[in-house]
Structure formats: structure tokens, C-alpha cells
Amino acid sequence: MRAPIDPLLAVSNLAGPIAGSLLKIDGQHSFSARFFALLDLGEAVLKYAAAIAFALVTQANASQAVEVVELFKRPPTLGKIVERLRKILADSSAPTMWPMNLVNEAFYRQNGKQTPAARYLFEEFIAIRNSERGHGAQQPEGYYEERYVKNRSILEDIALSTDLFSASLVHVHSIDHHIEQYSYKVTRLMGAFPIGIAEPIITPKKVRMHSTCLWDKAERLLPLDDFVVYRFCKHCSTEHTFFADSITDNLVNLQSYPGSHRMDAKRL
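Okay, so the sequence shown: first residue is 1 according to this note's numbering, each after it adds one.
These are calculated hints, taken from the structure and not from any lab test. Yeah, the Cβ is synthetic: ideal placement off N, Cα and C, and Gly gets one too. Don't take each hint at face value.
Just the calculated beta-carbon pair ranges, DEER-fashion [said to hold, decoys possible]:
hint, residue 1, residue 2, range
1, M97, H29, 41 to 47 angstroms
2, Y108, K80, 17 to 23 angstroms
3, D176, N250, 24 to 30 angstroms
4, T238, G112, 41 to 47 angstroms
5, D26, T248, 32 to 38 angstroms
6, D26, P204, 40 to 46 angstroms
7, G112, H177, 40 to 46 angstroms
Below are the EDC-like pairs computed for lysine to aspartate or glutamate, each with C-alpha atoms no more than 20 angstroms apart in a straight line [to be verified]:
hint, residue 1, residue 2
8, K113, E124
9, K113, E123
10, K217, D163
11, K217, E199
12, K80, D40
13, K150, E123
14, K205, E219
15, K185, E199
16, K206, D216
17, K80, E70
18, K80, D245
19, K206, E219
Full structure from sequences and hints, please.
Dropping the structure here:
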């Protein structure tokens, strides 16, 4: 008989926001709680993919940049976020360099057809989420058990098998210079627990202190700006990752799925 897989090991190569959302599911005891935690995982998957695309577009000042900025002036619905992501993916003028190639590969095949993950997330998951979110556990447990069992393996497989979600996520906590380049000390935001990396990242790329970035394990860093941040949480007195819910000139409203927290913070 095959030994059970340690849940912490299974998510060790997933970006923190995805890993935390996945681990949260098994911490719930009722099927209704597990089902709604599963919806959180699906939302985190979509918002994380969108955040990477939004960061690339706004930093490149691409054709969709103004629309992305306008989108977050008020908290957008998940449907609006996905709609903007799909427009970016369909825009031939949008950036195509790393890590946008990973976003494209997650949702579209080379022949232009959607991947199974895209078909499920863009259509079926959004419909399930919209019909169930906000109603609470008002149905019998059997109702939620059926939906949980049907969707758990699909979402888990998307999270664990999509290269986009295993790209290294890091937080910059120290900046120095190294032979006309920048030297960054970072914390690795992968799996269940943040871990400091002993060796600095040496790169010509300039990023701000406390930036949360995708890293290609070489020289390339993509700051995710305010879309995904690693901050101290005043509710639980620990540091963890948040998604932006809305962004104004001075403040960003943040949401954490693993912690079920929301808070306002000053923009970097």
C-alpha cells in the first residue's frame, strides 16, 4: 500500500497564496466548510494568475494598463478580474516575455484552444462560485459533500500541475550593491512557511524594498506591485501574503484567503 503523502510536502513547491489556500481546506471538519474553503482556493488561483498578468501589463505600460488601474479603484468582482485577464491573454500587443509565457501556457494551448484548466476555471468554476458564494451553509451537508468531492480533485490538480503556480515567489527584505548590480536578500514565499534564502539574488533589475516578486531563479524579477504583497497582518500578528482588493493613490485594501483577513495598508 502506498504511504500517504505529507500535505506540507505536497505543497512545498507552490506559491504561498496557493499553498495556504490548499492546506486550509483539510483544516475544516464539515463538508460545507471544506467546500467554501475550496471556493477560496479557486479564487486564489484565478487572482494569482491575473495579478501576474496585471503587474506585467502595468509595468510595461501596455495597451491594457489603464483598464487594469481603473479596475481596482473599487473592489472588482471575480468575474471582472477574469474578464480583464482574458482580454489581456487575447491581446496580441500584450507582453509575451517571462512570466507571461507561463500565464499563457496555463490557459491556452499553442493551437489557441483553451486548456482544460481554463475551461473549468473560466466557465464552470465561476458559475459554481457565483451560485454558492454568499449563501453560507444553508443546504444539508450532503449537498456540500457532493460538490466538494466533485470539484476538489479538479482544483487540486490545477494547483499542483500548473507551472505558473510553482514559479518562485520571493519577498525582498534587504538591498545592497554588487559590482554595478543589485544584491537582494529575499524570503522564499513557497509552500506552507516562508523561508529566508542564504544567497542573495544578484541582478541588474531594480526593485523596491519590501517588493513581492516572481523570480526565475536567475536574474529576472517581476515585482507584483500591490496586486500580491507580503505584509504584517494586524489581525493575527504574523506576516503572510495578501491579494489586492482595491487600490487607491495611497492605500491598498488587502485580502488573505488562508487567514480570512482583510485590512487597509499604505502602498509601497
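Hint by hint, here is what the structure shows:
1. A C-beta distance of roughly 45 angstroms is found between M97 and H29, which places it inside the suggested range of 41 to 47 angstroms.
2. At roughly 20 angstroms, the beta carbons of Y108 and K80 sit within the given window of 17 to 23 angstroms.
3. For the pair D176 and N250, the beta carbons lie near 29 angstroms from each other, so the given range of 24 to 30 angstroms is met.
4. Against the hinted window of 41 to 47 angstroms, the Cβ-Cβ separation of T238 and G112 comes to about 43 angstroms, which satisfies the hint.
5. At roughly 36 angstroms, the beta carbons of D26 and T248 sit within the given window of 32 to 38 angstroms.
6. Between D26 and P204 the beta carbons are some 42 angstroms apart, a value that agrees with the proposed interval 40 to 46 angstroms.
7. Between G112 and H177 the beta carbon distance is about 45 angstroms. The supplied range of 40 to 46 angstroms therefore holds.
8. A threshold of 20 angstroms between alpha carbons decides the hint, and for K113 with E124 the separation of about 17 angstroms falls inside it, so the pair holds.
9. With a C-alpha separation of about 14 angstroms, the suggested pairing of K113 with E123 holds against the 20 angstroms cut-off.
10. With a C-alpha separation of about 14 angstroms, the suggested pairing of K217 with D163 holds against the 20 angstroms cut-off.
11. For the given pair, K217 sits about 11 angstroms from E199 by alpha-carbon distance, which is consistent with the 20 angstroms threshold.
12. Restraint check for K80 and D40: the C-alpha separation of about 17 angstroms stays at or below 20 angstroms, so the hint holds.
13. Pair hint K150 plus E123 holds up; C-alpha atoms about 16 angstroms apart against a cutoff of 20 angstroms.
14. For the given pair, K205 sits about 8 angstroms from E219 by alpha-carbon distance, which is consistent with the 20 angstroms threshold.
15. Of the supplied pair hints, the one linking K185 and E199 holds, its CA atoms being roughly 7 angstroms apart against a limit of 20 angstroms.
16. A distance of roughly 15 angstroms separates the Cα atoms of K206 and D216; the hinted pair therefore holds under the 20 angstroms criterion.
17. Annotation: proposed proximity of K80 to E70 holds, straight-line Cα distance about 11 angstroms (limit 20 angstroms).
18. Between the alpha carbons of K80 and D245 the distance comes to roughly 12 angstroms, so the proposed pair stays at or under 20 angstroms and holds.
19. Using a Cα cut-off of 20 angstroms, the hinted pair K206 and E219 holds, with the two alpha carbons roughly 11 angstroms apart.
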